[in-house]
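A.B. asks: The residues making up each chain are set out below.
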Amino acid sequence: MDPFSSPSPSGGSSGQTIPSADVLMDQVKTQLAQAYAEEFFETVRSKCFTKCITKPGTSLSGSESSCITRCVERYIEATGIISRALFSAHR
Amino acid sequence: MDSSPELQRFLQEEKQKAMIAEMVGKLTSECWDKCITSTPGSKFSSSESTCLANCAQRYLDMTMLIQKKFQSMQQ
Numbered sequence: 055m056d057p058f059s060s061p062s063p064s065g066g067s068s069g070q071t072i073p074s075a076d077v078l079m080d081q082v083k084t085q086l087a088q089a090y091a092e093e094f095f096e097t098v099r100s101k102c103f104t105k106c107i108t109k110p111g112t113s114l115s116g117s118e119s120s121c122i123t124r125c126v127e128r129y130i131e132a133t134g135i136i137s138r139a140l141f142s143a144h145r
Numbered sequence: 031m032d033s034s035p036e037l038q039r040f041l042q043e044e045k046q047k048a049m050i051a052e053m054v055g056k057l058t059s060e061c062w063d064k065c066i067t068s069t070p071g072s073k074f075s076s077s078e079s080t081c082l083a084n085c086a087q088r089y090l091d092m093t094m095l096i097q098k099k100f101q102s103m104q105q
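Going down the list, the protein sequences come from chains A and B. Position one of the first sequence corresponds to residue 55 (my numbering), numbered consecutively onward. Position one of the second sequence corresponds to residue 31 (my numbering), numbered consecutively onward.
Worth double-checking, as some hints may not be accurate.
Anything over 12 Å on all C-beta distances counts as not near chain B; from chain A, calculated [unchecked claim]: (1) ALA75; (2) THR97; (3) THR104; (4) LEU114; (5) GLY134.
Partial list, computed: chain A residues near chain B (C-beta under 8 Å) [unchecked claim]: (6) VAL77; (7) MET79; (8) ASP80; (9) LEU86; (10) ALA91; (11) PHE95; (12) ARG99; (13) PHE103; (14) LYS105; (15) ILE107; (16) LYS109; (17) PRO110; (18) CYS125; (19) GLU131; (20) SER137; (21) LEU140.
Since the hints were made in silico from the structure, they are not lab data. This structure is a prediction, so every number in the text was calculated from the model and none was measured. Beta carbons are placed, not taken as given, at the ideal position from N, Cα and C, and that holds for glycine.
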C-alpha cells in the first residue's frame, strides 16, 4: 500500500483511495516540519559561513571548526531570544 | 473528500504557525546581522543578548508606528 492512501474498507477495488483527514493532516505536519528544518539549516549555514570562513584555505582550520560550532549554538540561542522577545511583549 | 471544518481549522492553524515561523526566522536573521558583529563566542555577551531582545521589540514598535502612519495617510 502506498503511503498516500488509507486502507480501503473492502479488498475490492484497486487504485488510489482518497486519504482520510487524519492522514492528510499528519502528512502536512511532517512536510512542514521538514521544510522548516531545511530552511533553518540553510540560514545557519549561510550566517556561519559569513562569520567564520573569512579567508578560505585548503582545509577547515581548527579555529574555523570551533567558530562554526559556536556559531551554530549562538544562532539557535539567538532564535530563542527573538522568539521570547516577540511573544512576551504585551502591548 | 469534502473540506471538513476540521481540515479548514487545521489549515488555518498551520498557516498561522508558518507566518509566525517566517517572522521569527526573518527577524533572527536581521537582528543577528545587527547585533553579532564579532566572531561568535561560547556565550553571548550581555550587550549582544540585550541587543537581540531590543531588536525584536523595536521591530514591533516600528510596525505599530508604520501602521499608524498608514492609517493617518488614508484620512
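A.B. asks: Take the hints in turn and mark each one as holding or not.
C.D. replies: These are the hints, each one checked on the structure:
1. A beta-carbon of chain B is positioned within 12 Å of the beta-carbon of ALA75/A; the least distance is around 5 Å.
2. Its beta-carbon lying about 6 Å from the closest one in chain B, THR97/A breaks the requirement of being farther than 12 Å from that chain.
3. Not every Cβ of chain B is farther than 12 Å from the Cβ of THR104/A; the closest lies at roughly 9 Å, contradicting the non-interface assignment.
4. Separation of LEU114/A from chain B is adequate, the least Cβ-Cβ distance of about 15 Å exceeding the 12 Å criterion.
5. Not every Cβ of chain B is farther than 12 Å from the Cβ of GLY134/A; the closest lies at roughly 9 Å, contradicting the non-interface assignment.
6. Among the interface hints, the one on VAL77/A is violated; its C-beta lies about 11 Å from the nearest C-beta in chain B, farther than the 8 Å criterion.
7. For the restraint placing MET79/A at the interface with chain B, the shortest Cβ-Cβ distance is roughly 5 Å, inside the 8 Å limit, so the hint holds.
8. About 10 Å separates the beta-carbon of ASP80/A from the nearest beta-carbon of chain B, more than 8 Å, and the hint is not met.
9. At a threshold of 8 Å, the smallest CB-CB gap from LEU86/A to chain B is about 6 Å, leaving the interface hint in force.
10. With 8 Å as the threshold, the beta carbon of ALA91/A stays out of range of chain B, its nearest partner Cβ sitting at about 11 Å, so the hint is violated.
11. Here the hint on PHE95/A is broken, as its CB sits about 12 Å from the closest CB of chain B, past 8 Å.
12. With a cut of 8 Å, the hint placing ARG99/A at the interface with chain B is violated, because the nearest CB-to-CB distance is about 12 Å.
13. Look at PHE103/A: its Cβ only gets to about 12 Å from chain B, farther than 8 Å, so that hint breaks.
14. Annotation: LYS105/A was flagged as interfacial toward chain B, and the flag holds, the nearest CB pair being 6 Å apart, inside 8 Å.
15. The criterion of a C-beta within 8 Å of any C-beta in chain B is not met by ILE107/A, whose closest approach is roughly 11 Å, and the hint is violated.
16. Look at LYS109/A: its Cβ only gets to about 13 Å from chain B, farther than 8 Å, so that hint breaks.
17. Annotation: interface hint on PRO110/A violated; nearest CB of chain B at approximately 16 Å, more than 8 Å.
18. Below 8 Å, beta-carbon pairs count as interface contacts, and CYS125/A has one with chain B at about 4 Å; its hint therefore holds.
19. Nearest Cβ of chain B to the Cβ of GLU131/A: about 7 Å, under the 8 Å cut. The hint holds.
20. Below 8 Å, beta-carbon pairs count as interface contacts, and SER137/A has one with chain B at about 5 Å; its hint therefore holds.
21. For LEU140/A, the suggested interface contact is upheld, since its CB lies about 5 Å from the closest CB of chain B, less than 8 Å.
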